[in-house]
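Undergrad: Read off the chains here:
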Amino acid sequence: MEKINNKEAISLPISCSLGITVLVSSQIIASHCLSSSLINTGYISILALVLTFIICKLYKRFIGISFLDITEFLGGKILKFLVGITFLFYFTFTASIVLCKTVNCLQIVYYPMTHPNYTVLLFAITAGIACNLKNNGFLRATFILVPIVIIAIIFIFVGNLKNFNYENIFPIMGNGWNTTFLEGSTNLFTFGGITYILFLPQNLKRPDKFMSVSIISTIISSALLTFITATIILMFNRNVTSGQLFPLYIAVRYIEFGTFFQRLDSAFLLILNIAICSFLGIYANLCLEIIKEISSISDTKPISFPFVLLLYACTILIDAKFELEFMQNQFLKVFFFVILTLGLAILILANLKKSLKGEIRNE
Amino acid sequence: MSKKMLKFYAIVILVLVFLYAFSASYTSDSVDNISYVIALAVDENEGEKNLQITFEFMDTSTFSKEGSSETKSAIIDTVNASSINSAINILNAYIGKQINLSHCKVVVFSDKIAKKGINAEVSELMNNIQVRPSTNIIICKGNALEYIQKSTSQLEKILTKYYDIFPNSSEYTGYTSNIMIGEFYNYLTTKECGNLAILGGLNPTISPSNSSGNPSSKTTGGSSSSSSSDSSSNKPTSSSSENKPKEKPDNNSSLSEMIAGNAPILGERGTENIGLAVIKDGIYIGDLSALDTLCHTLINGEVNSFLLTINNTEIYEHYLDIELFENMSPKIKVDIEDDNPKINIEIKLIGRISGIKDGINYSDEPNSLDLDKISKVAEQTIQKHIENYLNKTTTKFKCDIDYFYNHAKRKFLYIQDWKNYDWSSKYPSSRFNVNVKAKVYYSLLHSD
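Residue numbers (my numbering), protein chains in the order written: chain A, 1 to 363; chain B, 1 to 448.
Keep in mind that the hints were calculated from the coordinates and are not lab data. Using N, Cα and C, we set each Cβ at its ideal position, and we do this for glycine too. One or more hints might be untrue.
A few chain A residues facing chain B, derived, Cβ under 10 Å [stated by the list, open to error]:
no., residue
1, Ile108
2, His115
3, Asn175
4, Arg253
Calculated from the model, a selection of chain B residues having no Cβ within reach of chain A, i.e. all distances over 12 Å [unchecked claim]:
no., residue
5, Ser73
6, Glu268
7, Gly286
8, Ile332
9, Ser354
10, Phe397
11, Ser430
12, Arg431
FRET-style restraints, in silico, Cβ to Cβ [claimed, not checked]:
no., chain 1, residue 1, chain 2, residue 2, range
13, A, Gln244, B, Ser83, 18 to 26 Å
14, A, Lys301, B, Ala120, 36 to 44 Å
15, A, His115, B, Asn327, 53 to 61 Å
16, B, Ser329, A, Asn132, 52 to 60 Å
17, A, Ala267, B, Asp372, 50 to 58 Å
18, A, Ile108, B, Glu156, 32 to 40 Å
Please put together the full structure from these sequences, using the hints given.
TA: Dropping the structure here:
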């Protein structure tokens, strides 16, 4: 991957979080926390910001070095390989779940007679093409797309203002402190961009701006999560938030400006589909980067389509063999925390090792 | 084979695969193969197939280059089935095109079927991706089929546009409300409150054959079907006896009694939409009159302006028409300190005198109008109406149809505590404190 400037870099973690937030996590937050969803959103946003800050601080002693190289510094090539494989599996799995959810929604809305495998294939090929674009084409596309998606989300919020029932945020603590804060902290998985941040420094043109890039992207992701959750929770009760379609799409269906400006859901779904293509492109590219680092492959282009075939296989496997709800509610959450803990542990230990080595050298 | 050729073949194969894969969905959703339903009516049917479902379509072939200059006829098909989905299935086979509900503007339930419960039907519709949440929901006093047969407007040639705009009158009359199926379903699945639907009725002065736009009607019942172009011969048995013109009920239809079907209207259209239907646990339990509906829309801040006629000889010897506007959103507070919730409602209005029997210059003595006195009388009148209406909700309907529970929820920290409070059982013992403030101005354009 070529070096990227700060603005492009900000859009990448946002795009990673957006796919998960719109399709998966906003529904989970709204259905679990109910009336305390907004408090939970604020709480996990603060947690995400703190974590981002910690990651940036831990990275200060490794400016411009890739996360897997730090892992190698800590535990050698074997650890680098194991960590790389774990992260590779996580990113592939996350991309598959988001793709699976997208395809299921598309099948309900537009393609009732088309087998979902074909739609998955279409998206997988798009991700493959994104990986093969020259001059970081997909990154630039993401940089253009993210503001469009942000505007769409704000538009959905504003367009539905007349449909909001502001009393839906009461009882303010919802199902209790435990659901809102303790169990609710597991909703942190919505910030998938945090895991992406670990792999960002080596790709930045100006690695010294890593902290500002990360913090800004987390703040924007938090704001979007708040807008999405607020739209859902102020409009619907539990019956809608636990349905098969993602609630933001149902919210768009309520937007009407007179008798002329109606049915904006199609436009939203179009924007979302393009955003999902970009999301898959980012994840696929990241996975190829990891493969490149843990193996001796110098050019990832020849393996881009074999990789998207893996993504395709993974998605249809989840669709066919597993309960999607269980996968996104339980497995994705647990996996996110394993990855986050692993990432933080490696950075902390690498910092300690560097400190010790420095002390020895000083002695 | 060169690399370029391989790439070319791969792309061609992929395109063919996708063309094949998506063509089925495209074919089924192609505009040519779809017939769009604009209204759906659900009646009761005796027998195993307990629903009689009527679909109204626009005959798009009659659309001319002149646009909306001529009245477009509607096509009406009726199916006897056990559910809406099975009715769609049967009718799909009958009409040869796939029925699509994405342009369905209204869903009408007959009062008979609504009294038995419409939970299942509304859930079925809400789970259909084609049904828009903005579809209006109507409970019709009488036959739902007849309602959509008679739903035509001389002023609006295109029927779909008429369906689009007819609930708008709620904003400037307050005699009905723009109730949509999305919102209806949200409240239907909330245990704490009752629910409301638009009340529709048949105008008894107009016979079906007299109503304009006289649509062709066909009935399909499972495997057996009958069809005829004469709508009157295919009416359900309950309505066939109503073909002869009727007289309006002999009453003055005061606002407190006026509901759809007994409004003092003589017109070409055979339907009326005045008042609201009260639903509790999915079952239709009663009606709100025009005045009750006005009170409901006032409490909920739904009405922009409305007309109040005062007939009080103390302030003026004849009637006074006052157009009132909601100055700001109503303030509602609920106290739940004991088992009898205390509900405080504060409504602020401004108004202008828009009609008096004799045009006078209000400042000329001794005929001058005391605007403060008029404001006071307006306040008292509205307050009395609202109190009567609220007492009706607690004593007659015994359910919260003004969604006060939303305000009561504020007092609780946890959902479990709120559930334990059991608002629906407490609401009937609620006490109300209604406070209306009105400021009336004189604003006649011409006076003597």
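Undergrad: All hints are to be evaluated individually against the structure, with a verdict given for each.
TA: Against the structure, the hints come out as follows:
About 6 Å separates the beta-carbon of Ile108/A from the nearest beta-carbon of chain B, less than 10 Å, and the hint is met. This hint holds: His115/A has a C-beta 7 Å from the nearest C-beta of chain B, less than the 10 Å allowed. Hint status for Asn175/A: holds, given a least beta-carbon distance of 6 Å to chain B, under 10 Å. For Arg253/A, the interface hint holds, the least distance from its beta-carbon to any beta-carbon of chain B being 6 Å, beneath 10 Å.
At the 12 Å boundary, the C-beta of Ser73/B stays outside the reach of chain A, the nearest C-beta of that chain being 22 Å off. Even its closest Cβ contact with chain A, about 23 Å, leaves Glu268/B beyond 12 Å, as expected for a residue assigned away from the interface. At the 12 Å boundary, the C-beta of Gly286/B stays outside the reach of chain A, the nearest C-beta of that chain being 24 Å off. Under the 12 Å C-beta cut-off, the non-interface status given to Ile332/B relative to chain A is violated; the minimum distance is some 10 Å.
At the 12 Å boundary, the C-beta of Ser354/B stays outside the reach of chain A, the nearest C-beta of that chain being 27 Å off. Remark: the non-interface label on Phe397/B is consistent with the geometry, its nearest Cβ contact in chain A lying 21 Å away (cut-off 12 Å). For Ser430/B, the shortest C-beta to C-beta distance to chain A comes to about 17 Å, beyond the 12 Å cut-off, and the non-interface label holds. With a least beta-carbon separation of about 21 Å from chain A, Arg431/B lies farther than 12 Å from that chain, consistent with its non-interface assignment.
At roughly 20 Å, the beta carbons of Gln244/A and Ser83/B sit within the given window of 18 to 26 Å. Distance hint check for Lys301/A and Ala120/B: the Cβ-Cβ separation is about 56 Å, which falls outside the suggested range of 36 to 44 Å. The hinted range of 53 to 61 Å is satisfied by His115/A and Asn327/B, whose Cβ atoms lie roughly 59 Å apart. In this structure, Ser329/B and Asn132/A meet the distance hint of 52 to 60 Å, their C-beta atoms being roughly 56 Å apart.
One distance hint, 50 to 58 Å for the beta-carbon pair Ala267/A and Asp372/B, holds here, with the actual separation near 54 Å. At roughly 34 Å, the beta-carbon separation of Ile108/A and Glu156/B lies within the given 32 to 40 Å, and the hint holds.
In this structure, the earlier hints numbered 8, 14 are contradicted, and the remaining ones agree with it.
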